[in-house]
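All chains, please: the whole structure from these sequences, using the hints.
The chain contents come next:
Protein chains: 2
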Amino acid sequence: MTLCDIGNTHLHFYQEGRVWACAPQSLQVLEDEVFYISVNAQHTTALLEICPNAKDLSPQMHLASKYEGLGVDRMAACLGLRGKSGVVVDAGSAITLDVMENGEHLGGVILPGLASYCQAYKSISPALDLPPNLRVNLDRLPNGTADALGYGILQSVLLTLKHLVGERKVYFTGGDGKFLANFFPQGLYNGLLVFEGMLATLGV
Amino acid sequence: MTLCDIGNTHLHFYQEGRVWACAPQSLQVLEDEVFYISVNAQHTTALLEICPNAKDLSPQMHLASKYEGLGVDRMAACLGLRGKSGVVVDAGSAITLDVMENGEHLGGVILPGLASYCQAYKSISPALDLPPNLRVNLDRLPNGTADALGYGILQSVLLTLKHLVGERKVYFTGGDGKFLANFFPQGLYNGLLVFEGMLATLGV
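Protein chains in written order, with UniProt numbering: chain G, 1 to 204; chain B, 1 to 204.
The list treats identical chains as interchangeable, and a pair is accepted whether it falls inside one copy or across any two copies.
Capping the alpha-carbon separation at 30 Å, the derived lysine-lysine pairs in BS3-like fashion look like this:
1) K66 - K122
2) K122 - K55
3) K84 - K66
4) K66 - K55
5) K178 - K162
6) K122 - K162
7) K122 - K178
8) K169 - K66
These are calculated hints, taken from the structure and not from any lab test.
Shown next, in the form of structure tokens:
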């Protein structure tokens, strides 16, 4: 059995603990039974062209929540807690934060992803088109552009996450999850959280 | 005498307390003596085509600072405090924050502007291409996309500004300055701060 999490940039695959990512134009035939969830219709079509029997897992996915329009990837990551209470932070092209309490989803927040901030600065002005320093010292006022940009991104993201996390346990996933988890003493990184939710949905 | 603050979107003019903004392609001839500062070379060329005698004020502008690459508009806004201590927040296409103490610039931070956040979300995914609710209640966890996006923008910007402002006085300027000033009991809005700095430079 192979699981596929179809995102806006890549398709992420999981097979017996092994994971890999693929661009939609580089997909290869899978002989296996494939279950997928998707937030990108175009990339879903790409997968179905290669694996016409792949099954959409989202109709089987249930999460108690009042949230309208919760993405299926966020839902899967929340189900990946398998009933544990805590905060889920998925730091990819967007940074989503979702609060789970006794199996119930209480709400969530969306921030731009770290790369999206860089792109935003670049679009504002050529003067801001340089790599923000994300290793900036947050205890000092920046005195240069790379530090000022890095501080803007990192401090604003961290203050928002810390404000919402409070004393709760926080589970990070996604491409920038490991980096962000470093700033939280009670932070855990689990790159497989979305797949955990898909496995839980399949009763595995 | 007319002052012109050339930005990345508009050219802003000041004449005896009257202010107006102009797109670079809609400039009209000015009979007056014109002093300008600019962060956009292309728009400067547009002004000089219409007003060939306009004078660049930036060589006369001096601000005590260790910051490397401080934009001339940020410098002008800081000089607009005319020696008062406090924090300057210019909320336009970017949100810049600069700390002034006894006439000295201690450093600063750059965040994307409010409109730039909306553009960033839109670029991430069509699912995030909707107007963020910037009137969202920050005391509750969002339960829908427009609120989750609005919370992400507003809370992250406000927490960062509040963290840096502390107990200091804070002077807001720029297109979104009035809106953001509402969240600060010690906040003052002055849409003319950059022009104040230009006037101070001219000894007016």
